[in-house]
Amino acid sequence: MADIFLSYARADQPRVTKLAAALEQQGFSVWWDNHLRSGAEFADDIETALRDAAHVIVAWSADAAKSRWVRDEASEAAEQAKLIALSLDGTAPPMGFRQYHATDMSGWTGGDLPAALMEALGRDAPTGNIGSVATARSAKPWLAAAAAVAVALAGGTYLVTQGLPGAQAEQSGSVSLAVMPFAFNGDGERSYLGTGIASSTSNGLAPLDGISLTSGMSTNALAAGGLTAAQIGEQLGVSHIVEGEVVANADGVRIDARLLETETGRQIWSNQYQSDADSVEQQQQRLVRDIASVLQSRLGVGRGTLAQAPPADPRAYEA
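In the working numbering, the protein residues as written are 1477 to 1795.
Be aware that one or more of the hints could be misleading.
Label-pair distances were calculated between CB atoms; the ranges are [said to hold, decoys possible]: (1) Ser1582 <-> Asp1663: 44 to 50 Å; (2) Arg1527 <-> Arg1779: 23 to 29 Å; (3) Gln1556 <-> Asp1732: 38 to 44 Å; (4) Gly1583 <-> Leu1703: 41 to 47 Å; (5) Asn1661 <-> Ser1755: 15 to 21 Å; (6) Gln1502 <-> Gly1702: 49 to 55 Å; (7) Arg1762 <-> Trp1545: 21 to 27 Å; (8) Gly1701 <-> Tyr1668: 39 to 45 Å; (9) Thr1740 <-> Ala1538: 31 to 37 Å; (10) Asn1661 <-> Gly1586: 39 to 45 Å.
What the hints contain is simulated information worked out from the structure, not anything from laboratory work. Quick reminder that beta carbons are idealized off the backbone N, C-alpha and C, glycines included.
Given these sequences and hints, build the entire structure.
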């Protein structure tokens, strides 16, 4: 099993060759497609190597962002919680991967690897500065980029050992959190969806350590007030809120979710979940897992066992 699987666009091979050599010089075993055996089934070999690798480094660039292969490999790495992103030319990750902040290696020509990359791989860097590629949705670049995720969900147990790539815990201790009812846009008969998803999310997060959750009665009372994050934080006495929107139509349900710091209004995390009528519950559960991951990796709280929360309402998933 290789320590690292390298995903890249063919046009970037000269730089990736240097990167692979630098990683090997640091003692890592590296698999990239020059290791394909003659006559081997191309896709099968890649899938096996990616699955077996401890880390997957995705080398984004203008060419890589357009590559279906690189996108597929990045998606699989994210699903397996071992994606480490970097940018060879300063190009930000494409849509769908921008929550994984990328180490900027546009100025790297060889030699010592950036500190952020070495830290993500669990090594102390000899020299180098941490760089990150800012995205349009980032309030500011994160100081630590490309940290690896290690997630265990066997039997409902949830544990993040290193956090999301690109994130380090900003604080530790207790976090007070309010999951606000999600704004609803769609069929009026399903307007309860926004409140139901918020309630289910709050119930799912409740068992995690270091989190103080505000009751649904309190959040519902403020839902229609048009208050800012700072005003909600002041009235409920919470440091963070989860808010979002639910859009329901004939094609299914889309959930937009955000985690905000109430004192500053800063958006810490956001994601979008699209589902058809048969998979809304799975997306809702994914939302809870993602929020738990962010709480642990960026706020230093949230270890524990996720509750198996019921869906918001059985009627919510009817076509």
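Hint check:
Between Ser1582 and Asp1663 the beta carbon distance is about 47 Å. The supplied range of 44 to 50 Å therefore holds. For the hinted restraint 23 to 29 Å between Arg1527 and Arg1779, the CB-CB distance of approximately 26 Å keeps it satisfied. Checked against the hint of 38 to 44 Å, the pair Gln1556 and Asp1732 fails, with Cβ atoms roughly 25 Å apart. Judged by the Cβ atoms, the range 41 to 47 Å given for Gly1583 and Leu1703 holds: they are separated by roughly 44 Å.
At roughly 19 Å, the beta-carbon separation of Asn1661 and Ser1755 lies within the given 15 to 21 Å, and the hint holds. As the Cβ distance of Gln1502 to Gly1702 is approximately 53 Å, the hint placing it in 49 to 55 Å holds. Separated by about 25 Å at the C-beta atoms, Arg1762 and Trp1545 satisfy the suggested range of 21 to 27 Å. Between Gly1701 and Tyr1668 the beta carbons are some 19 Å apart, a value that contradicts the proposed interval 39 to 45 Å.
In this structure, Thr1740 and Ala1538 meet the distance hint of 31 to 37 Å, their C-beta atoms being roughly 33 Å apart. Taken as a hint, the range 39 to 45 Å is violated for the pair Asn1661 and Gly1586, whose Cβ atoms sit roughly 51 Å apart.
In the structure shown, a violation is registered for the earlier hints numbered 3, 8 and 10, in ascending order.
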